[in-house]
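**Q** Now for the letters of each chain:
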Amino acid sequence: MSEVDAAAGLQTTPTPPTVGPPLWLLAEITYSCPLHCVFCYNPVDYTQSGPELSTEEWFKVLQEARAAGSVQCGFSGGEPLVRDDLELLVAEAHRLGFYTNLLTSGIGLTPERASALKAAGLDHVQLSFQDSTRELNDFLSHTKTFALKQRAAELIQANGWPMVLNCVIHRLNIDYIDKIIELAVDLGAEYLELANSQYYSWAQINRDGLMPSREQLERAERVTNEYRAKLGDKLKIFFVVPDYYETRPKKCMNGWGNVFLTITPDGSALPCHTAKMIKHLDFPNVKTMPVKEIWYDAHAFNHYRGDAWMKDPCRTCDEKEKDLGGCRCQALMLTGDAANADPVCNKSAHHHLVQEAVAYAQVPDAQRVKVQPLVFRDPINSRKLSAKV
Amino acid sequence: MSDIDEVLSSTPRVASMFRLQWEEVQQSWVLLYPEGMVKLNGSAGEIMRRLNGEKTVATLISDLETDFGATGLRADVLAFLEIAGQQGWVKA
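First to last, the protein sequences are chains L and P.
Per my numbering, residue 9 is the first one in the first sequence, and the count goes up by one each step.
Per my numbering, residue 200 is the first one in the second sequence, and the count goes up by one each step.
If you're looking for bench data, these hints aren't it; they were derived computationally from the structure.
These figures come from a predicted structure and were not determined experimentally.
Each statement offered as a hint is correct.
Cross-link-like lysine to any residue pairs, in silico, SDA-like; alpha carbons within 20 Å at most:
#, chain 1, residue 1, chain 2, residue 2
1, L, Lys-244, P, Gln-286
2, L, Lys-244, P, Ala-214
3, L, Lys-187, L, Lys-238
4, L, Lys-392, L, Ser-57
5, L, Lys-300, P, Glu-222
6, L, Lys-242, P, Ala-214
7, L, Lys-68, P, Val-224
8, P, Lys-238, L, Ala-76
9, P, Lys-238, L, Ala-75
10, L, Lys-259, P, Gly-235
11, L, Lys-187, L, Lys-242
12, P, Lys-238, L, Leu-104
13, P, Lys-238, P, Gln-225
14, L, Lys-300, P, Glu-223
15, L, Lys-242, P, Ser-215
16, L, Lys-244, P, Ser-215
17, P, Lys-238, L, Val-27
18, L, Lys-242, P, Gly-287
19, L, Lys-258, P, Glu-234
20, L, Lys-244, P, Met-236
21, L, Lys-258, L, Ala-365
22, L, Lys-259, P, Met-236
23, P, Lys-290, L, Gly-168
24, L, Lys-126, P, Pro-233
25, P, Lys-238, L, Asn-262
26, P, Lys-290, L, Asp-241
27, L, Lys-244, P, Tyr-232
28, L, Lys-126, P, Arg-218
29, L, Lys-68, L, Gly-105
30, P, Lys-238, L, Gly-77
Using the sequences and the hints, build the whole thing.
**A** Right under this line is the structure:
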């Protein structure tokens, strides 16, 4: 019954790697959101986005993506519960055979909507902790936040969905990681993702205020490991460090145009949710191009696919297959050229930029000469920032 | 009953966290779970699709041997089911 490799031992001409289907469809159905998170990955100029796709247009996207081989569908935003046709979209995705995931803060999840989503065939809800920076004390004292999350968590359990909690970790909340883990236990979570903020979009603007020190990180990992030992299988905890603390970049999105396809609220098709910052690429729109053609033929999807686009040091690097040069957006943001190596890599000529940011993260807040106030993700700030980008 | 008899008389099913489905584009059976997917190879797919929580492992093996005109599949099936159990894909 084992699989036999028919080509084993034969000399074959290397063929270019074939492009697989867009297995993961992220449907960002709206940029509207009741929260104002300082680490939001939505573009800072989100207020300049075109009108949202209609229900019928989303149906078409789902049908075309499914036919092209998409199998996981994430409904995200913004806050996807803001759209009152979410149940219809989930039902259509379910009918098509998608595994359906809802990525939500839980705000707007009433018993009625939870039942309707269950009936529509929703497979999974990932509940995230809301922005904890504006009301840190409330968050830490478990009062309002706990009551809100508890209501959402009860609905998730009552409907038989697996309970996955996600909390973005940063300089201001990382020292309270024990409280966050206990909150997850109290809510009956089965999985907890403690993901350090990655520095894109709003989090890039707020990077100095959000990046934890090495000491904070080490302590948080130690505490997390203590809880892992104590809790065993009761709660699985994933801890993600900020890539600035690494010396090799992440294989971003598992490769450009490899498995991920993001559709933004206005129908732009992107290889990842922040790619629109790469202004020299003309990203196609689902209103004017079918999903299959977008995935396989659009210039924007082929441009950074594979490794033909690479320059040195990536081009000649013996680890290029492993990380594909890291993240194109990070290369652009830090070096001005998306085709450069991700400066997280210590082989990059720009690695000092990452080292300088990490060095600054070691400076205690009280000793910082000029402290930038955090910029909250809201329409007023977005319009101000749009003028600059 | 020996351990092996116990396994042969068990009636495994796909664990509730997972959904097994045929993917036309990939030409394979896949296991779907929150935000993830396991692509099964041909043999694994043929085993998994026959699990229904009622059929014993012994029957499963003889079904496979009949369907594929083969013999001696027992060791491979048991080895796969052990891995599948460890991964949490199946429940006995």
